[in-house]
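Use the sequences and the hints to build the structure in full.
Okay, here's what each chain looks like letter by letter:
2 protein chains.
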Amino acid sequence: MSETDLSPLPVTPTPLFGTAVVAGVGLIGGSVAGGLRQRFLARRVIGLDASVDVLREAEALGLVDEVRPTAGEWLRDADLVVLAAPMRALLPLANELAPFLNPAALVTDVGSVKGGIAAEMERLMVRNFVAGHPMAGSERGGVTHANAALLENAVWVLTPTDQTPLTALSRARTLVEGLGAAPVVMPPDAHDALVATVSHLPYLASLALTHMVARDERLSLLAAGGFRDLTRVASGDPRMSRDMVVENKAALREALRRFRYQLDRLEADLEEPEELLAAAHEGKRTRDSLPVVRRSLLPQKYDLVVAVPDRPNQIGIVTQTLGAAGVNIKDIEVLAIREEGGALRLGLESADAVTQATGILRGAGFEVRGRG
Amino acid sequence: MSETDLSPLPVTPTPLFGTAVVAGVGLIGGSVAGGLRQRFLARRVIGLDASVDVLREAEALGLVDEVRPTAGEWLRDADLVVLAAPMRALLPLANELAPFLNPAALVTDVGSVKGGIAAEMERLMVRNFVAGHPMAGSERGGVTHANAALLENAVWVLTPTDQTPLTALSRARTLVEGLGAAPVVMPPDAHDALVATVSHLPYLASLALTHMVARDERLSLLAAGGFRDLTRVASGDPRMSRDMVVENKAALREALRRFRYQLDRLEADLEEPEELLAAAHEGKRTRDSLPVVRRSLLPQKYDLVVAVPDRPNQIGIVTQTLGAAGVNIKDIEVLAIREEGGALRLGLESADAVTQATGILRGAGFEVRGRG
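Here the protein sequences come in this chain order: A and B. FYI, the numbering for the first sequence is 4 to 375, going by my numbering. FYI, the numbering for the second sequence is 4 to 375, going by my numbering.
Hints were generated in silico from the structure; no laboratory data involved. Treat the hints loosely; a few may be bogus.
Copies of one chain are not kept apart here, so a pair can be met inside one copy or by any two copies together.
Claimed, not checked - Simulated pairs of lysine to aspartate or glutamate, EDC-like, Cα-Cα distance not exceeding 20 Å: (1) LYS287 to GLU125; (2) LYS252 to ASP192; (3) LYS287 to ASP219; (4) LYS252 to ASP56; (5) LYS333 to ASP355; (6) LYS287 to GLU155; (7) LYS287 to ASP267; (8) LYS287 to GLU352; (9) LYS287 to GLU99; (10) LYS287 to ASP232; (11) LYS252 to ASP240; (12) LYS252 to GLU275; (13) LYS252 to GLU274; (14) LYS252 to GLU270; (15) LYS287 to ASP240.
None of the values given here were measured: they were computed from a predicted structure.
Structure below.
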């Protein structure tokens, strides 16, 4: 490769945020932090968590640049603060952080119920707050399973109120899109009614079914495929699930009312086989048309992300530079491109290859980030 | 390999049945037929189905030895008859076959509701009838997806009545075990109450949930992971599902009553967060302790089954014979062993390898069966 191929030297794109703070580094918080780093959305990502073990793990996984165990004056530097504590800890956390927040900072949360939080933030005089809810999760929680890929293509609801500054909403949208998720904007109570139907009611129905087979060996013996599917969500974290449904109990009661109505109707149709057949057909049509969220299911173990300026042939330069050094690229993906440039994710064969490629690319003037 | 390794020549084990007839060659019937052949449980397996296309497919897949489009005198040869038509066609089929059945033949069915069928068979004077229900299935039905592996380790309920001859029950157990499934014996009404709880109620609940999001784009947009799990069974064949629940409506009503009670209790617990947490913990415990049915999820594409007599070193002889010829065995499994011997299933690399291995083993005196 000739010298001219590499000039002018690549320029790292300007990130959306300077200092981003993720408060509460669990499954979602850790995934957001990892996404902010990997996708060059923030110059510096700070993880805030009361647990030193969690912070150590987040650092080891390469999800954050720095860690802090307590709130303090250092928070004034942050122009993005993501509240990612569990539901029950969210308001105490907001109260703890509020005195230190920069008024210009964009503040958002990831709680699964949205009624109430905006009013609380207003009371705390946090002006640029936009409540949010990434519809992503996993039965296996905790920072250990955090992964930026969890958020890719996920629906991420934003619930502004009349008080939300439009610029804040706009920045929140850009953040969500930058993380690879799909922003959907709606009022808080509309969100709560929707998740009561698609998430909290299914959890309660699943729990009711498991209780019907509890302590009955013959029943659990017969509980094959379909029953396992229907009760999978009952296997989630009991405390988080409990908090979620209690927080949203008004909307959940309404969803239960509508669910009972549907059950009654189907029970009546047991005497009207043609009606029941029509209902079965409609159910299948609806189920088969539900969108499938596509995301990388298997996190790349040996990958790195390299920032590229928006100039011709950057992909060629990166791949040729590595190819000339004998590094085998197994997978390549173009991450979100912004005006100033974008980033490439490269999947390599081994940890050694990641180390080698990082050195080579940095030597050629590229900025590189990896996992772990 | 020396000549002595192969002598005395292998003897094919005596099958449990001479002529087996599977009437209705769909997903379950085809899988039973395939199992009867592959596992050497019957000397000859005849598929009976009104559809010529289905019969052609069953032959092409190697599930049956012979096919017949209509009942007739030829049925007198059968010492095993498996009624595997869908629920709604089961009684007409029994009536069609009854005049031709050999009184000594073991007759069984695979319907998902058991109340009533035994009385009907008694009326038809079919003496050696044992009602059965293999708890196996797939969202993808039809002979195309039939596979003996579907029945492996599946719970297979047998529901004898006071009139069932003990010898018939004993033969039915041996059949079920021979197919690799786990027989569980209980009265018909106990079975129907159990499947109402673990199968028919979950279907109705799933259907009710899908109806709640029907024609609401915002709802189906948010319907991620958990909701998809809970509504998967609503994606099954509408007519078969409808027939199943209508047939079992009495038991299903009782299950619905108990389900509503559990939902009411959980709704009340929304005001008692500690109670709800305990309920969430109990639900998780129950769900996590449900048995997982282990079976070969990916059917071996290139496999063959070879009968081996119960003598020392048969596995060694088979593998050495193939190894000497350069055939690479990727997988090997010992199928059910009976007194006279058993069978080995070999997974090979390609269709060519199956053809080659079949020739070699037959040349060495072994009986070989394959898929397709």
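Here is what the structure says about each hint:
1. LYS287 to GLU125: Neither, since 44 Å and 37 Å both go past 20 Å.
2. LYS252 to ASP192: within (12 Å within a copy, 38 Å between copies)
3. LYS287 to ASP219: Only across copies: LYS287 and ASP219 sit 15 Å apart there, 31 Å inside one copy, limit 20 Å.
4. LYS252 to ASP56: For LYS252 and ASP56, the Cα distance exceeds 20 Å both inside one copy (33 Å) and across copies (54 Å).
5. LYS333 to ASP355: within (14 Å within a copy, 31 Å between copies)
6. LYS287 to GLU155: Close neither inside one copy (27 Å) nor across copies (28 Å); limit 20 Å.
7. LYS287 to ASP267: Only inside one copy: LYS287 and ASP267 sit 19 Å apart there, 27 Å across copies, limit 20 Å.
8. LYS287 to GLU352: Cα proximity of LYS287 and GLU352: none, with 42 Å in one copy and 38 Å across.
9. LYS287 to GLU99: Close neither inside one copy (48 Å) nor across copies (33 Å); limit 20 Å.
10. LYS287 to ASP232: Both: 16 Å inside a copy, 14 Å across copies.
11. LYS252 to ASP240: within (18 Å within a copy, 35 Å between copies)
12. LYS252 to GLU275: between (34 Å within a copy, 12 Å between copies)
13. LYS252 to GLU274: Between. Shortest inter-copy distance 9 Å satisfies the 20 Å Cα cut-off; intra-copy 34 Å does not.
14. LYS252 to GLU270: Result: close only across copies, 9 Å inter versus 26 Å intra.
15. LYS287 to ASP240: Between. Shortest inter-copy distance 8 Å satisfies the 20 Å Cα cut-off; intra-copy 30 Å does not.
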